[in-house]
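Novice: Sequence:
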Amino acid sequence: MSEYLVIVESPAKAKTIERYLGKKYKVRASMGHVRDLPKSQMGVDVEHEYNPKYITIRGKGPVLKELKTAAKKAKKIYLAADPDREGEAIAWHLAHSLGVDIASDCRVVFNEITKEAIKESFKTPRPINMDLVDAQQARRILDRLVGYNISPLLWKKVKKGLSAGRVQSVAVRMIIDREKEIKRFEPEEYWTIKSDFLKGNDQFEGSFFSKAGKRVELKSENDVKQILGAITGSEFKINKVTKKERKRNPAAPFTTSSLQQEAARKLNFRARKTMMLAQQLYEGIELGKEGTIGLITYMRTDSTRISDSAKEEVRSFIGNAYGQEYILKEERKDKKQTNSQDAHEAIRPTSSLRDPSSVKEYLSRDQFRLYKLIWERLVSSQMASAVMDTMTIDLINADIIFRANGSKIKFPGFMKVYVEGTDDSVEEKENMLPEVEEGDTFFSKDIEPKQHFTQPPPRYTEARLVKTLEELGIGRPSTYAPTLDTIQKRGYVTLDNKRFIPTELGEIVLELIMEFFPDVLDLAFTAKMEREFDNVEAGNMEWVQVIDEFYKEFEVHLIKAEAEMEKVEIKDEPAGEDCEECGNPMVFKMGRYGKFMACSNFPDCRNTKPIVKEIGVKCPKCHEGNIIERKSKKRRLFYGCDRYPECDFISWDKPLPRPCPKCEGTLVEKKLKKGVQVQCVNCDYKETPQN
Numbered sequence: 001m002s003e004y005l006v007i008v009e010s011p012a013k014a015k016t017i018e019r020y021l022g023k024k025y026k027v028r029a030s031m032g033h034v035r036d037l038p039k040s041q042m043g044v045d046v047e048h049e050y051n052p053k054y055i056t057i058r059g060k061g062p063v064l065k066e067l068k069t070a071a072k073k074a075k076k077i078y079l080a081a082d083p084d085r086e087g088e089a090i091a092w093h094l095a096h097s098l099g100v101d102i103a104s105d106c107r108v109v110f111n112e113i114t115k116e117a118i119k120e121s122f123k124t125p126r127p128i129n130m131d132l133v134d135a136q137q138a139r140r141i142l143d144r145l146v147g148y149n150i151s152p153l154l155w156k157k158v159k160k161g162l163s164a165g166r167v168q169s170v171a172v173r174m175i176i177d178r179e180k181e182i183k184r185f186e187p188e189e190y191w192t193i194k195s196d197f198l199k200g201n202d203q204f205e206g207s208f209f210s211k212a213g214k215r216v217e218l219k220s221e222n223d224v225k226q227i228l229g230a231i232t233g234s235e236f237k238i239n240k241v242t243k244k245e246r247k248r249n250p251a252a253p254f255t256t257s258s259l260q261q262e263a264a265r266k267l268n269f270r271a272r273k274t275m276m277l278a279q280q281l282y283e284g285i286e287l288g289k290e291g292t293i294g295l296i297t298y299m300r301t302d303s304t305r306i307s308d309s310a311k312e313e314v315r316s317f318i319g320n321a322y323g324q325e326y327i328l329k330e331e332r333k334d335k336k337q338t339n340s341q342d343a344h345e346a347i348r349p350t351s352s353l354r355d356p357s358s359v360k361e362y363l364s365r366d367q368f369r370l371y372k373l374i375w376e377r378l379v380s381s382q383m384a385s386a387v388m389d390t391m392t393i394d395l396i397n398a399d400i401i402f403r404a405n406g407s408k409i410k411f412p413g414f415m416k417v418y419v420e421g422t423d424d425s426v427e428e429k430e431n432m433l434p435e436v437e438e439g440d441t442f443f444s445k446d447i448e449p450k451q452h453f454t455q456p457p458p459r460y461t462e463a464r465l466v467k468t469l470e471e472l473g474i475g476r477p478s479t480y481a482p483t484l485d486t487i488q489k490r491g492y493v494t495l496d497n498k499r500f501i502p503t504e505l506g507e508i509v510l511e512l513i514m515e516f517f518p519d520v521l522d523l524a525f526t527a528k529m530e531r532e533f534d535n536v537e538a539g540n541m542e543w544v545q546v547i548d549e550f551y552k553e554f555e556v557h558l559i560k561a562e563a564e565m566e567k568v569e570i571k572d573e574p575a576g577e578d579c580e581e582c583g584n585p586m587v588f589k590m591g592r593y594g595k596f597m598a599c600s601n602f603p604d605c606r607n608t609k610p611i612v613k614e615i616g617v618k619c620p621k622c623h624e625g626n627i628i629e630r631k632s633k634k635r636r637l638f639y640g641c642d643r644y645p646e647c648d649f650i651s652w653d654k655p656l657p658r659p660c661p662k663c664e665g666t667l668v669e670k671k672l673k674k675g676v677q678v679q680c681v682n683c684d685y686k687e688t689p690q691n
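According to full-length UniProt numbering, the sequence shown is numbered sequentially starting from 1.
You can trust all of the hints, since none of them are fake.
No farther apart than 27 angstroms at their CA atoms in a straight line, the calculated lysine-lysine pairs in the DSSO-like style are these:
#, residue 1, residue 2
1, Lys60, Lys72
2, Lys416, Lys266
3, Lys467, Lys528
4, Lys489, Lys589
Bear in mind the hints are in silico, worked out from the structure with no lab data behind them.
Using the sequences plus the hints, can you model the full thing?
Specialist: In structure tokens, the structure reads:
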């Protein structure tokens, strides 16, 4: 019989921890929460200080029964859920269900699942922190009051199955506001003038910079003609040479938000996938003879701090692997977010000595790629800054100045290991300029003016949306992935080319919420609520006070909305063709994943079909059908023959209407990380990638 019972959330975590603790400890999994508010009703008593009605979650009866049986046999019970508000709440619910005194030393927390961290945490158990519990409870109750009051209204006034969450509604608003910006955007014309400059074997490119010592904006072709008309001949003199040394610092170790952003940029992972893989790496991976090891620290954090022991270890590794000159000598001051809790460390490997190549054979391809990203980010953060030699050359002809900028890496520093990606896929490249002196003469060649137009703000990608939500102080590390998932499942937005586009349904729902519940959609108000949850966690506010201040005003809006909100009818648009089963007209309907075609004679005729988009290419397999866009069950775009199932041609890459010039085979557009490459599916023919 074991003397101690330890309860964690997941079986994988239980298995890892039990091996570290030894025979006296039995470790069991609660499989997440065991109690929650009921799904079938509000579950919050607004008349009596918002008292929540918790029930055992459906399906958790057998789990709870097993835990109670194990608890009766144990000398002491330890609750070891995750080290955050959610984990504290899970421990509190378990304590209630199992009769554990919350004031006793029953709670253990650890930021990483390693033998040392686990052993150390059991030396210092503590009581359950009710401030943390109350902060989580406040968020849960507030979200319930919003969702379970607004959602039924939307069911009555728009359609069944809709929902209105606090953070998700703000995210939808941001996507719709960005779409409005794009539609309102009016491009403005501007021009650039570039030229190659030559002298002997030396050649470099420069751009128009100024006229008569003043910067000039080239807004029209006429502006360009004035500049070109002022240039006399092709001879330019070097007017000024500026050389500087510039330092570049590495990115800080990962937070939840920055990990989701970088995994999207570099690995093409959705936020949900990133968190799923990070959870696996945190809970433990079987590493052969070593057994199950937790490879990274806890993955829900907004802190960039790392422990002194971790710094010591990684810097020792850097010295041995790259040389002493690559070790960070002085601590850098991290730009800490104003809303950062700094409750635990950044996301990092549990040991920097466990480099990616040493564990590759034990990981899936995606686990390995994410672990490598986390490992490289940590190692680079503790390396010396990169040093860049920069050079600026000004060339003058009459009073016209062209400027050339160049840089080269003098000392790579952290860049030897890792460089942070960008949302716009622009990477700093070395641009070498020749050694020149003031007074040297160069000759211009091919002075080329180019017309450009300003571009609208880009649509949100998952990474960009997460970054903006974090900057605005909306949501917390644990909320980003489920929020992005929910707004797509509800049909409020769709992803096109990895960018969010609002649906008609999303715009209708947002307009109604905006009219009757402005606070729910107000970005500043939503951020203020997050700060108040933080104050509850810090013990500076009572959770009932936070809910009461919100609900009193919300209830006024709710009464008004129930009386005045008009029913919205989403009219079916004629599809322009007849139903092949009954002959009645087909119409476009709005479904969970956007529009589809259905028979207008519903429910007598239930014929439906997707909206087909042809791409103007004949099927290369059967030569009879046309290639159309389709979507997989996971909503991934692919291309197939419209004669399916008679013809089973499919392609993830977009087929082109022209044949391969080498073998007459099918050409497709292959999407690369940067741009698109045309290549043949039958032979080795490839064209130069286009951005």
